[in-house]
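Trainee: For reference, the chains in residue letters:
There are 4 protein chains.
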Amino acid sequence: MLKMGLLGCGRIGQVHARTIRGLDNARLVAVADAVPEAAQALAARSGAETRSAEDILAATDIDAVVIGTPTDTHFDYIHAAARAGKAIFCEKPIDMSVDRIRACMDVVAAAGVPFMTGFNRRFDPNFASLRNRIAKGAIGAIELVQITSRDPAPPPLSYIARSGGLFRDMMIHDFDMARFLMGEEFVRLHAVGAALVDPAIGEAGDVDTAAVILTTASGRICQISNSRRAAYGYDQRIEVHGESGMLRAENQLETTVELANGDGFHRDRAQHFFLERYEAAFRNEMTAFIDAVETGATPTPSIGDGLMAQIMADAADLSRQTGQPVDLTTG
Amino acid sequence: MLKMGLLGCGRIGQVHARTIRGLDNARLVAVADAVPEAAQALAARSGAETRSAEDILAATDIDAVVIGTPTDTHFDYIHAAARAGKAIFCEKPIDMSVDRIRACMDVVAAAGVPFMTGFNRRFDPNFASLRNRIAKGAIGAIELVQITSRDPAPPPLSYIARSGGLFRDMMIHDFDMARFLMGEEFVRLHAVGAALVDPAIGEAGDVDTAAVILTTASGRICQISNSRRAAYGYDQRIEVHGESGMLRAENQLETTVELANGDGFHRDRAQHFFLERYEAAFRNEMTAFIDAVETGATPTPSIGDGLMAQIMADAADLSRQTGQPVDLTTG
Amino acid sequence: MLKMGLLGCGRIGQVHARTIRGLDNARLVAVADAVPEAAQALAARSGAETRSAEDILAATDIDAVVIGTPTDTHFDYIHAAARAGKAIFCEKPIDMSVDRIRACMDVVAAAGVPFMTGFNRRFDPNFASLRNRIAKGAIGAIELVQITSRDPAPPPLSYIARSGGLFRDMMIHDFDMARFLMGEEFVRLHAVGAALVDPAIGEAGDVDTAAVILTTASGRICQISNSRRAAYGYDQRIEVHGESGMLRAENQLETTVELANGDGFHRDRAQHFFLERYEAAFRNEMTAFIDAVETGATPTPSIGDGLMAQIMADAADLSRQTGQPVDLTTG
Amino acid sequence: MLKMGLLGCGRIGQVHARTIRGLDNARLVAVADAVPEAAQALAARSGAETRSAEDILAATDIDAVVIGTPTDTHFDYIHAAARAGKAIFCEKPIDMSVDRIRACMDVVAAAGVPFMTGFNRRFDPNFASLRNRIAKGAIGAIELVQITSRDPAPPPLSYIARSGGLFRDMMIHDFDMARFLMGEEFVRLHAVGAALVDPAIGEAGDVDTAAVILTTASGRICQISNSRRAAYGYDQRIEVHGESGMLRAENQLETTVELANGDGFHRDRAQHFFLERYEAAFRNEMTAFIDAVETGATPTPSIGDGLMAQIMADAADLSRQTGQPVDLTTG
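Protein chains in written order, with the UniProt record's numbering: chain A, 1 to 331; chain B, 1 to 331; chain C, 1 to 331; chain D, 1 to 331.
Do not take every clue at face value.
Which copy? The list can't say, so a pair holds if one copy fits it or any two copies do.
To be verified - Think about it this way: if two alpha-carbon atoms lie no more than 20 Å apart in a straight line, the pair counts; the simulated EDC-like pairs of lysine to aspartate or glutamate are:
hint : residue 1 : residue 2
1    : Lys3      : Glu294
2    : Lys136    : Asp263
3    : Lys3      : Glu49
4    : Lys136    : Glu254
5    : Lys136    : Glu258
6    : Lys136    : Asp268
7    : Lys92     : Asp106
Simulated from the structure, these hints should not be mistaken for laboratory data.
Extracted from the complex, chain A is given alone in its bound form:
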């Protein structure tokens, strides 16, 4: 029975609390949030106490912490949790600064505590199945990976301003997925992007439409495209070509119903956004973390995976601004 504390009671914290409540081998002991009402509401629904973040990190009756607070707090909480010997689940991105993530890696390594980075998409049943089939040789050696990721609509400009930009906020998931699927590190990256959805996003220095080509040392290729807008719902697709075939994961639609009429055949929109599409992924992710800690296995994705994705996001931002490819091996 893993005794857990939760830092951050916002949308994602609530998702994790619900998962923990449904498990037999974990218990949510306490929750914390900068907004006391948020902590109290989640505590009431979860049968947990409210405590301060500091108390949770220092508590002797808590074995593991879930960090779902704003990104700029992760660094301090990771340091405190590691020093207190707690297992750590931390939402992505670990930090906006690659140097600070490296510092976190060092403290986590020194403390020897389990650490998992919250790249939830690895746990989506479709993508996980696709990865398993690659591992079992269903398509032989991989030649080209193609990832499509499009949000249903842009976030508020205020969010974009503090998001680190599309590559660090959105495509970072796809960088991790590309590494997860390819099984060979990327050595070179070229990114393009523009503000085609909303000029205000461009005026804020960001892009809302982007594409990236990545290559490995052996010449394997990954194409990623992102957009902040998709009229038909959250577009989350992957296609992997190998020597003996292709694997692809399609979107999950709202229902399986099809209407046929004088205009043709009509199916539903894709599930609206990440809370719907990745509901099972979030559940499987937290379950995997808890199972790893309980059994002594090393959780993945690791803090190193979080670091690599951030390095790629920084490189993409640089490439988009300079118009030149970036070498990923000189980090």
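Chains B, C and D: place on chain A using the hints.
Mentor: What follows is chains B, C and D alone, placed relative to chain A:
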């Protein structure tokens, strides 16, 4: 906050207990089962007490009961629950005897208690969406309904022997669905069937493959086909033709992944069986019952819906044996 | 090089003329039509002569005739062609009268000439592939066949009046397909039908919406549904269930293009009607006839196949009118 | 009635000859081929004469020529045909040298003869429909185009050696398609590629797997991926994202049949290669050329379209070799 008692802690009772646990407006007070260990295990997981069925039916701290016990116990439990003024959710079939269902209807009507029959498929998100679109006129007046229902594999012969036969055990769901979708009562039924999957099923007096044609007074048609076997998973599909188009609900596959190789394009099997396919349906069904009781609305499907489906199942069995159509209006 | 004559230069005659023109092992020598202009126009496009039907049937420079004239002329032309020793391709239905078809069978058998009945759908690449896979054991022994056939819109009432009714004019194709796929003769048939599309069709004594259940001696089942209307195009689908799986053939859509927008995912209508959907089937059918005659093989579907489908159509009409099943073995 | 001559009686010449034979407004007068037997065989099947290429180009009874000979002969034939005042249909690529294509443009412009470049894919019914819907505003302004093109298997090494390389031989079609769909010229290109399918292709200086990112002045993006191998058949797909939705064209499979068994749901391979997949495209292309010449309209794609695609192919080859983006505006 609806205080609930659960009779029957088997597979379906566990499904309902889990749903109730996740709701804010209901609480599972007590559970009962003929096997004490089953009751204790579910009670422990649900934070409920174990009591005898009689105690639950007589309890003053319980407002509603969920009856998930063997079919031959439903009659007595419905009578006791109705007389005790409790809201009743009863699994299908209510009883194998149409006369005894009528007796239950009478006692429920006399007591004035809410009653819901457990035809879970009405609450499947796909079928519910299909029905809503019919109601909104998406295809105009209905002309023909086609229902396909195939189990992944036959149950044990011991189950078949006490099941009442394919029409009462399996196709009863499709009879309810046909009525739910058509919106006009059926007046005539013709059934055929054979034991093509397993001769032993035929020797037991039952069939494992069957088809039925139903017609309404205005000439509208429903075709149903059932089989106890489908190599590719639980096959649950509906197609409805109307004056301006068709609506169809396809199976839910295990994942959205597709493999393309030298043999073509390959997708996953359909979800294995009813616990997987109708997971959301069971949740939505119990939620609807609780919401109806809490708000004072009349729950549907009603006990009368349970009666009509049983009448149709009896008629199908008779038609299959005699080889002649059966008039449904002379019941 | 098979030297051919064509009787009937209407829509279907033109289809056959075009096929013959594209083949290396056949030549269209002459065409005939009751309307001289129709014959002349087709002759000009085909590099053929115009002759009278009688001259074609008597010609010594013609080996095979294609009969695509109105149904009531088939009987005389078949007799004349058989007696003249010509190979015969005759459009369905061979005749509206089962007795007269039997008379044609006798004269054809006596003459020993090759004869093929124009059930084009057996040559649709999708249905032919489905049949081949059944024959190769892809799904084991067949248990249930389901055929859906819906025209895009009803023909003129004047056509319906002389069509012999839906079962003889439209479902006759599905009766042949059911026999083609099942591989075991049907022994019993139950039909229902109504005029739901257009009351005037009902006033003319016909139906526009119908369903039939067929069973074989061993209990295998076939379900057929027909409608004179389908808003989304010509609906031609087949589904076959066997002991180890299912085979199904879907409609051919106008293009493979899909539009995704705020309303969901949208594909094209099904191909409009039989000239589009069965373009390849008509070509493959005539090619098969010519190849059979050239190689001395026996063409199928045979005149006996034409007879059986007509017997089933008569039985369906009777069953629909009486409301009772019809025994097919007492013909 | 357009009187036509055909230069080149190989695979593609035969395709064009068959199309012309089926048309009412054109006649194939003569054919030529370096291999006399090839010319004679096609002439026999087409009802045409055999002549030398020079005689066809000089003939007064021929209005238009179809050039389907090896690429290195195009330049001379185009010059001769233009000077003889003939309408010209020329297969792609027009020439391997951009300068020589410019010279052809000049002579064609000076002669004022109609000219069409054989980019057949513009006439594929799926892609043409997709383009028409873009033009009608189905998805608003385009933001991103994604083109996937994969051959079923690599050609012989001897072919690759004289092909000009993957970008000039294969991706040139996709460059034309990108321009056709985007409606705005591209200004920048970045290409990557490797020999992942066969190392011998790499040793020959070519690649067999490649990806390209193109951008327009306004920031719109096109992603292209190519491979010389696809186990599941010829993979020809397009996806276009716009401000209000997405349009995509899927592959055409061999049949619509689906097999469901214990391993899941299985559909056929994609149509094998370009003769199958683009059968309608080749027919529509030649029909459009003939109609344009007959009506006096200007055929498209033009010789300028052929030039632009070749410029992009050259740029892609350079970018792949240097690892740097190439500016397309400085040509």
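Trainee: Hint by hint, say whether it matches the structure.
Mentor: Now for the hints, and whether the structure bears them out:
1. Lys3 x Glu294: Intra 10 Å, inter 35 Å, cutoff 20 Å: intra-copy only.
2. Lys136 x Asp263: between (43 Å within a copy, 16 Å between copies)
3. Lys3 x Glu49: within (12 Å within a copy, 25 Å between copies)
4. Lys136 x Glu254: between (30 Å within a copy, 18 Å between copies)
5. Lys136 x Glu258: Close across copies (15 Å), not inside one copy (34 Å); limit 20 Å.
6. Lys136 x Asp268: between (33 Å within a copy, 16 Å between copies)
7. Lys92 x Asp106: Close inside one copy (18 Å), not across copies (59 Å); limit 20 Å.
Every hint from the earlier list agrees with this structure, and none is contradicted.
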